[in-house]
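We have chain U; now place chains R, A, S, C, D, F and E onto it with these hints.
Those protein sequence lines, which keep their order, are chains U, R, A, S, C, D, F and E.
Quick note on the numbering used here: the first sequence kicks off at 1 and runs consecutively.
Quick note on the numbering used here: the second sequence kicks off at 1001 and runs consecutively.
Quick note on the numbering used here: the third sequence kicks off at 2001 and runs consecutively.
Quick note on the numbering used here: the fourth sequence kicks off at 3001 and runs consecutively.
Quick note on the numbering used here: the fifth sequence kicks off at 4001 and runs consecutively.
Quick note on the numbering used here: the sixth sequence kicks off at 5001 and runs consecutively.
Quick note on the numbering used here: the seventh sequence kicks off at 6001 and runs consecutively.
Quick note on the numbering used here: the eighth sequence kicks off at 7001 and runs consecutively.
None of these hints come from the bench; they were simulated from the model.
Each statement offered as a hint is correct.
Straight-line alpha carbon distances no greater than 35 Å define the calculated DSBU-like cross-link-like pairs of lysine-lysine that follow:
#, chain 1, residue 1, chain 2, residue 2
1, C, LYS4162, D, LYS5089
2, E, LYS7244, E, LYS7162
3, F, LYS6107, C, LYS4244
Covered stretches of chain S, as calculated for chain F (at least 3 residues, CB under 8 Å):
#, segment
4, 3034-3042
5, 3054-3065
6, 3222-3235
Where is the CB? At the ideal position from N, CA and C, for every residue including glycine.
Number of protein chains: 8
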Amino acid sequence: MDPKDILEKYKNGEIDLTEALEHFPDRGIEEMGFATIDTDRQRRTGLPEIIYASGKTVEQVKLIAERMHQKGIDVLATRVTFEMAEAVKTVIPGAEYNEMAKTIAYKKSNEVNSKGYIAVVAAGTSDMPVAEEAAVTARFLGNQVETIYDVGVAGIHRLFNKLEIIRNARVIIVVAGMEGALSSVVGGLVDKPVIGVPTSIGYGANFQGLAALLAMLNSCASGISVVNIDNGFGAACQASLINKL
Amino acid sequence: MDPKDILEKYKNGEIDLTEALEHFPDRGIEEMGFATIDTDRQRRTGLPEIIYASGKTVEQVKLIAERMHQKGIDVLATRVTFEMAEAVKTVIPGAEYNEMAKTIAYKKSNEVNSKGYIAVVAAGTSDMPVAEEAAVTARFLGNQVETIYDVGVAGIHRLFNKLEIIRNARVIIVVAGMEGALSSVVGGLVDKPVIGVPTSIGYGANFQGLAALLAMLNSCASGISVVNIDNGFGAACQASLINKL
Amino acid sequence: MDPKDILEKYKNGEIDLTEALEHFPDRGIEEMGFATIDTDRQRRTGLPEIIYASGKTVEQVKLIAERMHQKGIDVLATRVTFEMAEAVKTVIPGAEYNEMAKTIAYKKSNEVNSKGYIAVVAAGTSDMPVAEEAAVTARFLGNQVETIYDVGVAGIHRLFNKLEIIRNARVIIVVAGMEGALSSVVGGLVDKPVIGVPTSIGYGANFQGLAALLAMLNSCASGISVVNIDNGFGAACQASLINKL
Amino acid sequence: MDPKDILEKYKNGEIDLTEALEHFPDRGIEEMGFATIDTDRQRRTGLPEIIYASGKTVEQVKLIAERMHQKGIDVLATRVTFEMAEAVKTVIPGAEYNEMAKTIAYKKSNEVNSKGYIAVVAAGTSDMPVAEEAAVTARFLGNQVETIYDVGVAGIHRLFNKLEIIRNARVIIVVAGMEGALSSVVGGLVDKPVIGVPTSIGYGANFQGLAALLAMLNSCASGISVVNIDNGFGAACQASLINKL
Amino acid sequence: MDPKDILEKYKNGEIDLTEALEHFPDRGIEEMGFATIDTDRQRRTGLPEIIYASGKTVEQVKLIAERMHQKGIDVLATRVTFEMAEAVKTVIPGAEYNEMAKTIAYKKSNEVNSKGYIAVVAAGTSDMPVAEEAAVTARFLGNQVETIYDVGVAGIHRLFNKLEIIRNARVIIVVAGMEGALSSVVGGLVDKPVIGVPTSIGYGANFQGLAALLAMLNSCASGISVVNIDNGFGAACQASLINKL
Amino acid sequence: MDPKDILEKYKNGEIDLTEALEHFPDRGIEEMGFATIDTDRQRRTGLPEIIYASGKTVEQVKLIAERMHQKGIDVLATRVTFEMAEAVKTVIPGAEYNEMAKTIAYKKSNEVNSKGYIAVVAAGTSDMPVAEEAAVTARFLGNQVETIYDVGVAGIHRLFNKLEIIRNARVIIVVAGMEGALSSVVGGLVDKPVIGVPTSIGYGANFQGLAALLAMLNSCASGISVVNIDNGFGAACQASLINKL
Amino acid sequence: MDPKDILEKYKNGEIDLTEALEHFPDRGIEEMGFATIDTDRQRRTGLPEIIYASGKTVEQVKLIAERMHQKGIDVLATRVTFEMAEAVKTVIPGAEYNEMAKTIAYKKSNEVNSKGYIAVVAAGTSDMPVAEEAAVTARFLGNQVETIYDVGVAGIHRLFNKLEIIRNARVIIVVAGMEGALSSVVGGLVDKPVIGVPTSIGYGANFQGLAALLAMLNSCASGISVVNIDNGFGAACQASLINKL
Amino acid sequence: MDPKDILEKYKNGEIDLTEALEHFPDRGIEEMGFATIDTDRQRRTGLPEIIYASGKTVEQVKLIAERMHQKGIDVLATRVTFEMAEAVKTVIPGAEYNEMAKTIAYKKSNEVNSKGYIAVVAAGTSDMPVAEEAAVTARFLGNQVETIYDVGVAGIHRLFNKLEIIRNARVIIVVAGMEGALSSVVGGLVDKPVIGVPTSIGYGANFQGLAALLAMLNSCASGISVVNIDNGFGAACQASLINKL
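Just chain U, with the same shape it has in the complex (with noise of 0.2 Å):
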């Protein structure tokens, strides 16, 4: 059916909108048989297409990095192997892999396009892989980006003497294993988001991070909300999304 028709039909009550949809020409997908890669999610939802390699295997995860690079479109892998990065670097020769973060990523340009910065803190030496995956992700998406880790509340002056430098972010992503405790400490003294971070570092009765995931969905600081356990991608999307406001 020809576009024209189908709204006529869809106007005359013919069809309703679902068939209507069936039969719209695709645009803004890749098909690769095991993936259709969604290349309208930049200009959609303000993020692009990201890679997410685990439970692929290393030949898929290089023909997506590959197939995307052809399109144009930068590429970042998260939860990536040794062997798949090594796969990705053969057919994107610059990409980088950052064997704490577990990312191999490849962008066109570096330019920060965003006002302030996103201030990535952690309680402890443990959590900065999960840290240190949330900050690549941010500055990849054009972020500038701070650091301050092993602020753990089980030494608070530690805290007190970043404060500034978190209180001057625009966005706060705190990362914290075991108890969580450090973002409601922190959600308590500033005036920003704060996007919570619960890690799976711990034992016992953490039960892989869960401990600290309901802490800090139970936080009683007000502004903080959380993403999944280990999730350092997600909270830098979103602390994108909000500091491009």
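Frame of chain U, contents of chains R, A, S, C, D, F and E only:
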């Protein structure tokens, strides 16, 4: 000790930061024995002290509201029963009770001081008490609010029909129970931050909102963060902080 | 914008699909402010819009039922209280309340339009409210229904005694609480699709139906799928779609 | 006891049904000591005995496959390792190993004996192993299958683009991890039974597929039932029973 | 079909076992529409059909009790409310209600037909309703019972003081809430089977008996098995089967 | 058997320790049939027998209290209802009911026999019932107590303001619901043992205190231990043992 | 103190029972520093000390086995690795390793000292390791054992075929994973105590055996008790105690 | 800003406490980029900064240990792998690795500065790694320690045999897995504070220590508090603070 002495001793290393802190005169505190009102919160965090009535006695809610009112602070209490609302009205005659949102509020001025508006989108009619808590709170905090109700994914054309008003918001609060899928669908269609509020609407394997909570935390759309189950209040707080950037 | 313009712009790439969608006139929607009735659902999904009364006020249930009735749509509401049923009857005098199933229904015609029948098999007498919700719903959707109650595996000869009627159904709904073993036993004896409905009947480590739910999801018999705990309604919906193939 | 005596005694009330059962000669059983093959299953349930390899030794899988093959029964084993597949091939040379689906199969004839086709829809590339297990199983059971991959709700236009092929199926299997929202969206757009397969793809508060499982069980779309996490096999079994009605 | 024909056809392979089963005349079944009484249970399993009243209506409990009574079967119902008990007494005047155990029973003879006695040991006074359900049931099943209450491990000399009577039992039921430690301690001191009954006594991280249930399942003493939380009835059933060996 | 014989037989290996134990005369036990009072507990554990009223009948609570009083033992009952308190007063006229703490107590002397004081610190006003249970219990056990309420981390300057009184305690009980962060913050600022009491204050993903419990168990501050949710009583018992060292 | 003094002091009330206990000479104890062997266990509980190897080092397992062997105690260790078994054989040459059951055993005599036999019934081939642990243990404890494997409820005629051998046992151990329905079905067909052993066989919403555990705890058949997941050992211990009554 | 200005502005209300805090010079902090060592912790909390090695890289552990050593701080790292220990020894030659406890430590002096001793009591040999972590930590903190291992309640006479040494301690750490009953039994026999450490020893429904954790939290003995699963370190920290009172 006089403040200068504190500082002197701190400088000389005679006392440490926490010892110094103990001796600082208290400011921003209103002592009531059973409650310690944080009168400095608005200035410090951009959000005023708000009364969470659940678990408090009717008498306590009334006394806290009265004291805040006497100090010239705008009053909002959430999770208030009808009985609590009646008690508050005896001391703050102009306070307004919202039966669906379970809030009571008194504000000196209803002036809006935000740039755009916050959209509150709810999946079903049963989610309205939570959505209304969010809307009441956001308005109390000086934001313009638009509400869009009963547009869950079982009939997705209802959502498309309201897409323009959603897309034009600066921040979007998505309130949904059951499987909470609405937040992912909205998140994939807009370029603004989305805050998901899972509700406890549902039964059986919903586990009082756990299903929607987990769904929202695992959203495949990237720019979404989440607050506690039924926490319309918290979502509004963060949305307000974002809206005022 | 006029529909033709929308299409033109979409064709030229000036707008994308979601932008196009925003401008489509709404059809299949009945706006009520607190509710957005999906009047197109029957045509689109083979199942009409049905009112889930839980979490709604008596007034809301009454108004939605009334509006649907005015539009000529058959009305079924589930999880209705006696008070809600009374309210609905004031606006739809012929509506029938089923106290055990907690449903209220009004249908213009009771014509059956399915090929065979759906068997609803319940393990115990205590499971009857859920089984009846399934039976009422399936009949409302135009199916013939046979009910077989109290044939749990503790006395398996009771089941064998009814095996013929079960085997001759086109679809079988098995409703069981406690350990939910009935679905596996039935599934191993018939060559028709079995839909398991775990119920919250039981106590202690039953955890409100979790035991039966997990049991049914892990059935060693292969042709079984499962719906939510106590969701007789949902089982009937799927059974009806199957029965009409 | 001779069968006639059993019956006589049963008739006279000397023995009860279960005692009678003990003395019935066994048929439809192939004894192997560590395994008791149900050779009657196909005739009784419409689904043949299929080998679930997980938890069995390589030797056991090989011996069961061999015995079934000797008896002229078509062989399908799921969750097989590469090593198991190699062992089976030594006794059934024509058996085919599917590395992604982790299945090995041998079928005398590939004849299709179903009316329409089953659609297998997967949300992401990482869900493919489960989707392929479903597709392989459905084809083994004599069904025509269409696969549609990577059409998750984060880019919902990808789904609309394939809506026609989905709507024309007789049964639809929706495979999705993370928040599992795809099943609700599909369920709201089609008038055929939808079987949801939650996958364990995701991390953190996904809890190995729990998030998607709960989401699918709580779907606001009505005609959906669910199988166990990652259970592509079970979904295909039920889909096949439905497709052959 | 006449029984002989069934057998003939089964022998010739014309029908299979399950088809044969369908045609067998029913015996050991008392049909009531909403209930299917298993009148053969006592003979088959050594335990009579017993009415689990929870989830049934007052009317249903009364009718089932009445029918069993008419058939000459001894009647025991558990989890009965006062109202149910009153209703049963109208049809079985001699029935005895035990308010603490929440049981109603009528037995033609109180003859004891077991060799030794069953000891019911409860950790605290608050565990008595469950312990009494066990004691009442065990006596109903013809066992001699000794009860020992409030001997929890916080004062272990209380247990030692009663050790002789515990050691001389043939089976021991240990009823305990909170941390359920009593079963391990008893299990380490006796050479008879111990059946643990976790109770829902406790609060907070007791999670309605989960703490005691898990503790008993993980007992470091070896000869212990466990029944459902608060299931005094089930423990008595198994104890009775053991006691009659 | 006479004690000397017991010993003789034990020495000669004729009986073992547990058999010997059975024959020991009971001391430190007050038998009441439904209760076995441990009159030796104070001497043995430093803590008297205390009545946990939940799950007991009003009559049982009254009788146990009366018997203890008759034996000259100080009486404390926790989790008492108003009705229970009234009943106890009929037999112990001087007993004092604390409505917020839900305790009733009678003590011959209010003498304090501890060195320093126990600080009870509560995060919010809603946590007061639990904090008061702790305070009442600690005072009953002969300790001096200081209470500091509503100093949660959302306004951390409220805590600093009271730091001196907290630091000077010998033991600190921290009572907090929601995310329970207060215990970590206090733990990082003092050099005394901290006992955390999570409360069930909160909603949604608080799961009746689970969030605070897990947070406190995973505290990044090292000198913290935890008692059950809402267990102010238990915290006071341990604090008292510590305070008397 | 000399035993007589202990007794004298106890009699005079100078010391209490626990103080008396401290001074009793130790008997039935074999001290090894890292282990304290309970050499009296067989006599006291009817079950010997058995080595649970998991969590111990290879060296520890070897040394404990050796010491028990030297003391003339029969040796059984469960959950042993191949490496542990090899180490034990170096010190107990005649010890027998059972690879499937993961046990190593040495017994002076294989004499059977029980009246009837224990039936070990397993639902699937994958459940065999647990079933074999039960069988090996039961035989080690002097029982005759019959094993019946792969008779799960998906093909219930396989069970009927073996019903006679199951019914003639004195105790029945039912081992089943997935939904664990076999225990209910067996429980409804026999008049002997049934001990259910849930196994961790299954995946997804099986949650490592939780599904089968909950199912067995909630069995609608009354004479069933349950042991820990995969605890074939514990089931055999209780079965042995029962079998020896 | 100069400290005096800060104070002046604070006094005049120009800045608030948190702003004041930002400008205070940092003391008690050793910055390393990826780590912020709290050099003031010993003085402030009575416990030094200790390295939790899990989740850190080998290089990070080495660098932090080295820096602390250079600053003259005693070094203890827990959860260290063999590889980490080797790396630390290259920079602190005298450091001692404890393979069972998984700790590495360097202390200038081994002087004991506590009054009495801490007893570490473990239920089984498999609990030793956790018990040793506690013992090593307690000694590092300057306490005398006595260890009593393998005295679980399955053979309670083993415990009585060591009761004197346990009773004479000033604080008791009870380490137990499985059902964790030992803490209740010990708690009922001593008049000193007991700290329970649940371990992850066990399987199936132990859920990695959850069973023991819940049991200890619900102990019927009153003077018990609990730390995280396997957290020998934390128990020792609190025990040390108590022991130094």
